[in-house]
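For the sequence shown, position 248 matches number 248 in this note's numbering, and the numbering has no gaps at all.
For the record, the hints were derived by calculation from the structure and aren't laboratory data. Be aware that one or more of the hints could be misleading.
Quick list of in silico lysine to any residue cross-link-like pairs, SDA-like style, CA-CA up to 20 Å [as the list claims (entries may be wrong)]:
1) 211 <-> 42
2) 70 <-> 30
3) 240 <-> 260
4) 211 <-> 227
5) 201 <-> 82
6) 211 <-> 126
7) 25 <-> 44
8) 211 <-> 147
9) 211 <-> 187
10) 240 <-> 205
Across the chosen pairs, the derived CB separations fall in these ranges [unchecked claim]:
11) 215 <-> 82: 42 to 52 Å
12) 84 <-> 137: 38 to 48 Å
13) 88 <-> 140: 43 to 53 Å
14) 4 <-> 227: 41 to 51 Å
15) 154 <-> 258: 33 to 43 Å
16) 231 <-> 87: 24 to 34 Å
17) 74 <-> 258: 43 to 53 Å
Owing to the predicted nature of the structure, the values given are computational and were not obtained by experimental measurement. Note that CB positions come from ideal geometry on N, CA and C, so glycine has one too.
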Amino acid sequence: MTHPEVHVTDQDSIRWIELNRPASKNALTVEVNQALIAAIEGAGAARVIVLSGAGGSFSSGLDLKDAMRKGPRPPAQLEADLRAYFHGLILAVRRAPQPTIAAVDGAAAGFGCDLALACDVRLLSTRARFGEIFVRRGLMPDGSSTWLLQRIVGTGRALELLYTGDVIDAERAHAIGLGNRVWPEADFHGEAWAFARQLAKGPPRVLRLIKRAVHDGATGPIEDALDREARGQLECLGSKDFLEGVAAFLGKREPSFTGE
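Hey, can you work out the whole structure from these sequences and the hints?
What follows is the structure, given as structure tokens:
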């Protein structure tokens, strides 16, 4: 499904998906989320997926004005939409085999914050902001932040952010591990593209195996992690990319990985 406010750019083996609803600070609707899910799930040829927002915001979360325009809906319909198009979006990001990057330039609030948390890496501009603001609206977090946030910043900090609904800036987010890298606003877009290109030059099979192993290893014993790593390593040892990596090392050149 395509949507005029979800822009997709395929370049340099990167699928860059941009929310372009600046008037609403890139708020999310059922229709927008449908398009985001389709763009993520349809990125099979890409090696890296980037999510971003236009106009100085990442995403302000649920579009409350849109919800009010649509009027009251039966509880069963609300639950169906939540599970299919909001939970479905989080799961699409988590299940994408490619590395996923949230390029956060501006505010990521509510479900928009959760969408950034679902990505593997968060790149920040100096004007990035994060807020789990559900509690301020009398709401329960519903985008998996109760599961994701403590794994990223630890239980105590996660509960503080969820209990208070405080909005934190890029410096604080980076300090507690919520952001991976921070760049000045003027340099951000170019630096985020450069980072994505760096990942896209890596061996696709290996990146996908690493992602799967890390996510699967978030829970469970170390023996399971070692087993996953052994199976993945044996698969890599039989690949052309492994031979290319060795040849590049011996030839003192940059490798050119194909995913084979």
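Hints, one by one, checked against the model:
Proposed proximity of residue 211 and residue 42 is supported: the alpha carbons are some 18 Å apart, at most 20 Å. Pair hint residue 70 plus residue 30 holds up; C-alpha atoms about 11 Å apart against a cutoff of 20 Å. Proposed proximity of residue 240 and residue 260 is supported: the alpha carbons are some 5 Å apart, at most 20 Å. Using a Cα cut-off of 20 Å, the hinted pair residue 211 and residue 227 holds, with the two alpha carbons roughly 15 Å apart.
Among the hinted pairs, residue 201 with residue 82 is inconsistent with the structure: their alpha-carbon atoms are about 36 Å apart, more than 20 Å. For the given pair, residue 211 sits about 27 Å from residue 126 by alpha-carbon distance, which is inconsistent with the 20 Å threshold. Restraint check for residue 25 and residue 44: not satisfied, since their Cα atoms lie roughly 29 Å apart, outside the 20 Å limit. Between residue 211 and residue 147 the CA atoms are separated by roughly 17 Å; this keeps the pair inside 20 Å, and the hint holds.
Between residue 211 and residue 187, the direct Cα distance comes to roughly 28 Å. Violation of the 20 Å bound is thereby established for this hinted pair. Taking the CA atoms of residue 240 and residue 205, the gap is about 10 Å. The hint holds against a cut of 20 Å. For residue 215 and residue 82, the Cβ-Cβ distance of about 23 Å falls outside the hinted range of 42 to 52 Å, so the restraint is violated. Evaluation of the 38 to 48 Å hint for residue 84 and residue 137 yields a failure: the beta carbon distance comes to about 22 Å.
Separated by about 18 Å at the C-beta atoms, residue 88 and residue 140 break the suggested range of 43 to 53 Å. In this structure, residue 4 and residue 227 meet the distance hint of 41 to 51 Å, their C-beta atoms being roughly 46 Å apart. A hinted range of 33 to 43 Å for the beta carbons of residue 154 and residue 258 is consistent with their spacing of about 39 Å. With their beta carbons about 30 Å apart, residue 231 and residue 87 fall inside the hinted range of 24 to 34 Å.
Checked against the hint of 43 to 53 Å, the pair residue 74 and residue 258 passes, with Cβ atoms roughly 51 Å apart.
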